[in-house]
Amino acid sequence: MTRENTQDPALLRRLLRAKDRMDAASHEDWPVDRLADVSAVSQAHFARSFKQAFGVPPHRYLLTRRIERATALLRDTDLPVTEIAFRTGWQSLGTFGRIFRDITGETPSTVRKRARAAANALELVPGCFLSAAQRPELDIAVLEKRRRIAAGINRSDQ
Amino acid sequence: MNQGVETVGLYVRDQDEALAFYVDKLGFKAHTDVRNGDYRWLTVQHPDQPSFQLGLFKPGPPMHDAATAQGLQAMVAKGAMPPLVLAVADCRAAYERMRGLGVEFTQEPTDRYGAVDASFRDPSGNGWKMIGKSSH
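Taken in sequence, the protein lines are chains A and B. Mind the numbering: the first sequence is residues 1 to 158 in my numbering, read in order. Mind the numbering: the second sequence is residues 1 to 136 in my numbering, read in order.
If you're looking for bench data, these hints aren't it; they were derived computationally from the structure. Heads up, a few of these hints could be off.
[To be verified] Incomplete in silico selection of chain B near chain A, CB under 7 Å:
(1) Q73
(2) A74
(3) A77
(4) K78
(5) G79
(6) P83
(7) Q107
(8) G125
[To be verified] Dumping the calculated SDA-like pairs for lysine to any residue here, alpha-carbon to alpha-carbon at most 25 Å:
(9) K25(B) <-> A80(B)
(10) K78(B) <-> R60(A)
(11) K129(B) <-> A67(B)
(12) K25(B) <-> Q3(B)
(13) K133(B) <-> D76(A)
(14) K133(B) <-> Q7(A)
(15) K129(B) <-> G55(A)
(16) K133(B) <-> A132(A)
(17) K51(A) <-> R21(A)
(18) K78(B) <-> G105(A)
(19) K51(A) <-> L86(B)
(20) K78(B) <-> P136(A)
(21) K129(B) <-> R97(B)
(22) K78(B) <-> I140(A)
(23) K78(B) <-> G127(B)
(24) K78(B) <-> D76(A)
(25) K133(B) <-> Q45(B)
(26) K78(B) <-> L11(A)
(27) K129(B) <-> P136(A)
(28) K51(A) <-> S109(A)
(29) K78(B) <-> Q43(A)
(30) K129(B) <-> A25(A)
(31) K29(B) <-> L86(B)
(32) K129(B) <-> I140(A)
(33) K51(A) <-> R13(B)
(34) K129(B) <-> P9(A)
(35) K25(B) <-> T88(A)
(36) K78(B) <-> L138(A)
(37) K145(A) <-> Q7(A)
(38) K129(B) <-> R21(A)
(39) K51(A) <-> V111(A)
(40) K145(A) <-> G105(A)
Every value quoted in this text rests on a predicted model; they were computed, and no experiment measured them. Ideal Cβ positions, reconstructed from N, Cα and C, are used throughout, including at glycine.
Start from the sequences, fold in the hints, and give me the full structure.
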């Protein structure tokens, strides 16, 4: 069973559990063996099954959740950027800043300024859905994104 | 009669399992349970909301061909169905009670935007946000 629409619903339900666990604790480390355990599938099959189900590899999904969480903390708190980096799962401020820029195209402090200026209008949407709506799209690898930016390639022109 | 939305349905993987979940764990009451061959019209109702029924429907014949039913089951199992929101008086108390009954929570109660919210899934994969008033 390799076609996308033929994955067993029982398997999908277990893969969803791994995705939920990353959502709930994206600051934690999620090596494949830990995720595979949650989904009760072999490590060999986990990453491929997850990508087939959700469109992105598990590690890349985790990055989008961390950036989403960091963006929310930049917007909603006065925590220093260093503190936000550690709280969202990065080991160093440098790595956080670089990945954040690679994914969003902006620095954390720019995002903080702009989010605050644009606040208020969205108050009627439950917060959890609002944050999901602001989740960065990461449908290509970070390295590929960097390469394309370096090469001056605009994704919308592809 | 009141005008407005009367029934909205969820897709579930197993109607008996879903009925037990919504009645025994969430406190809904069975409202309508009618069968016609393979088809089963099943709804539950929140005790505080007598004008609204939540349908618990299983994809399949006669409404869906096999491939469509499989696709819908996959969507439900992947958590891809639309958001659901359950209002409760006290989110933390409801969380403790439901967790004790074995409900699969995906987010613990969190203070946010002047309210407390938590998240759980039904056995099929439908995701609920549960929101209650802030305690302060």
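query: Hint by hint, which ones does this structure get wrong, listed from lowest number up?
result: Per hint list: 11, 12, 14, 18, 19, 24, 28, 32, 35, 37, 39 violated.
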